[in-house]
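Asks: Work out the full structure: start from the sequences and follow the hints.
These protein sequences, in sequence, are chains A and B. For what it's worth, the working numbering labels the leading residue of the first sequence as 1287, then goes sequentially. For what it's worth, the working numbering labels the leading residue of the second sequence as 31, then goes sequentially.
Honestly, the hints are just simulated from the structure, not real lab data. Incorrect hints may appear among the rest.
[To be verified] 30 Å max Cα-Cα, derived DSS-like pairs, lysine-lysine:
| # | chain 1 | residue 1 | chain 2 | residue 2 |
| --- | --- | --- | --- | --- |
| 1 | A | K1327 | B | K32 |
| 2 | A | K1571 | A | K1370 |
| 3 | A | K1305 | A | K1356 |
| 4 | A | K1429 | A | K1370 |
| 5 | A | K1310 | A | K1429 |
| 6 | B | K32 | A | K1310 |
| 7 | B | K32 | A | K1314 |
| 8 | A | K1305 | B | K32 |
| 9 | A | K1356 | A | K1565 |
| 10 | A | K1370 | A | K1356 |
| 11 | A | K1356 | A | K1429 |
| 12 | A | K1305 | A | K1327 |
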Amino acid sequence: MIPQTFDYVRARNVGDALKALAAKDGTKVIAGGHSLIPLLKFRLAQPARLVDIGHLDELRGVTEVRRGAKIGAATTYRDLLESKLLAERYPIIAEVTSGIGDLQVRNKGTIGGGLAHADPAADMPAVMLALDAQLVLRSKRGKRTVAAREFFQGAFSTAMAEDELLIAIALPPLPRGAGTAYVSFEQAASGYALAGAAAVVKRSRSTVAHCTLAMTGISDRPYLVRAAEQLVGTQGLPDAIEHVAAQAAAGVEVNGDIHAPADYRRHLAVVAARRALQKAFVRSKK
Amino acid sequence: MKRTVSLSVNGATRTAEVEPRALLAHVLRDDLDLTGTHIGCDTSQCGACTVLIDGRAVKSCTMLAVQAEGCQITTIEGLATNGNLHPLQQAFWEKHGLQCGFCTPGMIMTAVDLLAQNSNPSEGEIRHAIEGNYCRCTGYQNIVAAIQAAAATLRGATPARAAS
Chain A
1287 MIPQTFDYVR ARNVGDALKA LAAKDGTKVI AGGHSLIPLL KFRLAQPARL
1337 VDIGHLDELR GVTEVRRGAK IGAATTYRDL LESKLLAERY PIIAEVTSGI
1387 GDLQVRNKGT IGGGLAHADP AADMPAVMLA LDAQLVLRSK RGKRTVAARE
1437 FFQGAFSTAM AEDELLIAIA LPPLPRGAGT AYVSFEQAAS GYALAGAAAV
1487 VKRSRSTVAH CTLAMTGISD RPYLVRAAEQ LVGTQGLPDA IEHVAAQAAA
1537 GVEVNGDIHA PADYRRHLAV VAARRALQKA FVRSKK
Chain B
31 MKRTVSLSVN GATRTAEVEP RALLAHVLRD DLDLTGTHIG CDTSQCGACT
81 VLIDGRAVKS CTMLAVQAEG CQITTIEGLA TNGNLHPLQQ AFWEKHGLQC
131 GFCTPGMIMT AVDLLAQNSN PSEGEIRHAI EGNYCRCTGY QNIVAAIQAA
181 AATLRGATPA RAAS
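Replies: See the structure below:
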């Protein structure tokens, strides 16, 4: 049951939704509703009105953009899993998505909704950082693109303005032959990440030519690990990977809660990072 | 403020006077008298309220009734045809895929979606698919057996599935 009343309007197109948001009258966007409805039940969100974009075809689906891809913000996790283009170009998307929620949640929950919700323990944001995803925002004032690494600004807080709508996620091409991996330790009941790591590794002959590592669940927001660049130029041997993984939570204010005290979470961060880097390295082409 | 919603449920158009905040699970049960859809946790965890929205399993406690306008909704009451149980219903009966029965409607609706995607799921795939459906009698063993048996029936094979 939702204790608070609100108005509801179904957008006929994106312009309709932008108009509703421009009113700045306490309107919130609903797509799949799988982040928002739980908040409404607990009065953690108290919008005056919901504008529904969940059924808008123009916001759904995965399209090929040169060697990359564009994902409509209202694309469900189920549709991500069924996308051949994503499976071929970004196998890490299926790897992370198959562990999000459960079958029913993936049928209704949307990638854009999850990203805009910005739960600090959500899995997908780390993958977006590792892939250098670009988030396309629109408002009546215009359109702008924000890199994932600048989008997440704190727990449940993003770079989006009140009148902006996330309409798409653009994924640039991965370096050729790169291997990717997402590894997480889940909180047993919720499935959210106690610590999650997304890695991209490219090899050139016998050395690592590119390495990106992003973490989630550790702090108030997902982040890129700068030390990942220290793997570049090495042979990707276990010692070199361990050296980078050991810095997975360096300089970060680590969360502690009943599920994982800060010291334990810091340990999990290192293990998740090590495993993700190892997997991505093994999966990369020599 | 209440408004009239028109919902397509089990092939029939039904209308109800509801507020936008009304959850689909409550409207199905309280306004449309379709009490086969159960409400367990009300927090999108337990899956007892699972229904099909355009053929896909969805937790109806985490969907507003107004969101469901224009969609095809199928509840457990809509599975049997001409008095014949759906193969999954039959298999849950035959394999005793339940103890108290509270989770059963949701289990079956999720399994309908699974078998539409995968006609011959492994035990592991079945267990992954029903991860969002809780049975607190801990009767998963027979639930898995029932879904395997129904899969075989739907494939037109003999009910006993070869060990994999």
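Asks: Hint by hint, note whether the structure agrees.
Replies: Results of checking the hints against the structure:
no.: 1; hint: A:K1327 - B:K32; in the structure: holds, 19 Å
no.: 2; hint: A:K1571 - A:K1370; in the structure: holds, 21 Å
no.: 3; hint: A:K1305 - A:K1356; in the structure: holds, 24 Å
no.: 4; hint: A:K1429 - A:K1370; in the structure: holds, 29 Å
no.: 5; hint: A:K1310 - A:K1429; in the structure: holds, 18 Å
no.: 6; hint: B:K32 - A:K1310; in the structure: holds, 24 Å
no.: 7; hint: B:K32 - A:K1314; in the structure: holds, 20 Å
no.: 8; hint: A:K1305 - B:K32; in the structure: holds, 24 Å
no.: 9; hint: A:K1356 - A:K1565; in the structure: holds, 26 Å
no.: 10; hint: A:K1370 - A:K1356; in the structure: holds, 13 Å
no.: 11; hint: A:K1356 - A:K1429; in the structure: holds, 16 Å
no.: 12; hint: A:K1305 - A:K1327; in the structure: holds, 26 Å
In the structure shown, no violation is registered for any of the earlier numbered hints.
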